[in-house]
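Spelled out from the first residue to the last, the chains are:
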Amino acid sequence: MAEMQVEDKGKKGKKPKQKKHATRVDLTPMVDLGFLLITFFMLTTSMLKPQTMELIVPTKDDVKEEDQNKVKASQAITVLLGKENRLYYYFGAQENGVDPELVLTDYSSNGIRQMLVKRNAEVVNNVNQLKLDKAAKKISEEDYNKKLSEYKAAKSAPTIMIKATDDSNYKNLVDILDEMNICSIARYAIVDITPYDLGLIDKKTPPAK
Amino acid sequence: MPKVKVPRKSTTVDMTAMCDVAFLLLTFFMLTSNFVAKEPIVVAIPASVAEIKIPERDIATVLIDKDGKVFFGLDTQQDRKELLKTLGLAFSVTPAFDEKELNEFSKISSSGVPIEKMHAFLALKPEARDSKDAAIGIPADSINNQFKEWMKNARKINPKLRLAIKADQQTPYKVIKRVMTTLQDIKENRYNLITSLKEVHK
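So the sequences go chain by chain: Y and C.
Here the numbering used here is used: the first residue of the first sequence is 200, the next is one more, and so on.
Here the numbering used here is used: the first residue of the second sequence is -7, the next is one more, and so on.
By construction, these hints were calculated from the structure, which means they are not laboratory data.
Here the structure is a predicted model, which is why all the values come from computation and not from measurement.
Mixed in with the good hints there might be a few duds.
[Unchecked claim] Within a straight-line C-alpha distance of at most 30 Å, the following computed DSSO-like cross-link-like pairs (lysine-lysine) qualify:
(1) K317(Y) <-> K345(Y)
(2) K30(C) <-> K92(C)
(3) K346(Y) <-> K190(C)
(4) K179(C) <-> K30(C)
(5) K351(Y) <-> K45(C)
(6) K58(C) <-> K403(Y)
(7) K61(C) <-> K362(Y)
(8) K166(C) <-> K402(Y)
(9) K345(Y) <-> K179(C)
(10) K190(C) <-> K362(Y)
(11) K351(Y) <-> K169(C)
(12) K190(C) <-> K317(Y)
(13) K45(C) <-> K336(Y)
(14) K179(C) <-> K45(C)
(15) K144(C) <-> K362(Y)
(16) K61(C) <-> K117(C)
(17) K282(Y) <-> K190(C)
(18) K345(Y) <-> K152(C)
(19) K179(C) <-> K351(Y)
(20) K190(C) <-> K336(Y)
(21) K166(C) <-> K362(Y)
(22) K140(C) <-> K117(C)
(23) K354(Y) <-> K333(Y)
(24) K45(C) <-> K337(Y)
Produce the entire structure from the sequences given, and follow the hints as far as they go.
Structural data, given as structure tokens:
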């Protein structure tokens, strides 16, 4: 498709002119090539960087038996991750031989989140207000972070113990950690499950049909 | 009356503008791209609302698939080469890994082969390494915990290393716990769980 200049041979007797080459080059193949490479790069790149959730666990030597029991029963919530996406929780601990009531719930926003938000109402309200302030640019990033950790460390905030059974899966764990983030809970720990907790689940689970 | 002649227009279009656009886009993609690292297994990661982006450098990825196979990857070729060298010493593999094997290993972004099968694995053709049989996973149970050595040596090679765990949604918690306890044993108590983004439903 390159445009060629047709030589004018009409006039005789004149010196043959030097051929004038067209300066226009057909760019279609070049465009083809360009788009081919674009396609290649588009398909091989990962534009979206994955998100990550930071998790800090204590080293083994740091954890002492006494520390584990320090959690005040009145503020402790134990969350048990069961099989088939079942989720249980109970408040406090066994008192005078009376088992705490185990409640069956789920990972939806009407399930565990409602309970956590209710329990953590003060902090959640504070944090929400703080987020609004930040969105309205009333406070600086620095102040925001400072206040955020201040609010989260409030005395009234519950302490969550996450105990996963071997039948739960990784998604359950991430979901529950996510709930901690959503509900602005700063004090939580992943703890090994005890036979006592397993017993509670067994009692609660309806016998298999 | 003479017919009205429709003037013939040339069908050639000036491609210069199109070419400009194509190459502009090409440049953009070339500069912004970081290639998708090839992973030996397909992992469906869970979603979370966490918005922290994973850093680009100094990342060690622990891949866990839903059958509990563990894979380990470092982000630079230099580190990977170094890793295999130290691993060979740590497990006193005989014969020691030669230069060719080290180079082969450094090209694999994420690997999961027990150390005793490493020689055979590296002798395979690159295409054969992707097969299902080749993806065995690093032993990470209490009897034979090679994963611990991998992690320990990786940390020695690059002290700035940050740990990212990328596990399948359906991985049983048992496996995750095993990996976490192993990490706890060697005082790796800070790590990132890789997730995809989801919106908070109010």
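To see whether the hints hold, each was checked on the structure:
no.: 1; hint: K317(Y) <-> K345(Y); result: holds, 24 Å
no.: 2; hint: K30(C) <-> K92(C); result: holds, 21 Å
no.: 3; hint: K346(Y) <-> K190(C); result: holds, 26 Å
no.: 4; hint: K179(C) <-> K30(C); result: holds, 29 Å
no.: 5; hint: K351(Y) <-> K45(C); result: holds, 22 Å
no.: 6; hint: K58(C) <-> K403(Y); result: holds, 28 Å
no.: 7; hint: K61(C) <-> K362(Y); result: holds, 23 Å
no.: 8; hint: K166(C) <-> K402(Y); result: holds, 22 Å
no.: 9; hint: K345(Y) <-> K179(C); result: holds, 28 Å
no.: 10; hint: K190(C) <-> K362(Y); result: holds, 24 Å
no.: 11; hint: K351(Y) <-> K169(C); result: holds, 27 Å
no.: 12; hint: K190(C) <-> K317(Y); result: holds, 23 Å
no.: 13; hint: K45(C) <-> K336(Y); result: holds, 23 Å
no.: 14; hint: K179(C) <-> K45(C); result: holds, 24 Å
no.: 15; hint: K144(C) <-> K362(Y); result: holds, 27 Å
no.: 16; hint: K61(C) <-> K117(C); result: holds, 22 Å
no.: 17; hint: K282(Y) <-> K190(C); result: holds, 23 Å
no.: 18; hint: K345(Y) <-> K152(C); result: holds, 26 Å
no.: 19; hint: K179(C) <-> K351(Y); result: holds, 27 Å
no.: 20; hint: K190(C) <-> K336(Y); result: holds, 25 Å
no.: 21; hint: K166(C) <-> K362(Y); result: holds, 12 Å
no.: 22; hint: K140(C) <-> K117(C); result: holds, 28 Å
no.: 23; hint: K354(Y) <-> K333(Y); result: holds, 24 Å
no.: 24; hint: K45(C) <-> K337(Y); result: holds, 26 Å
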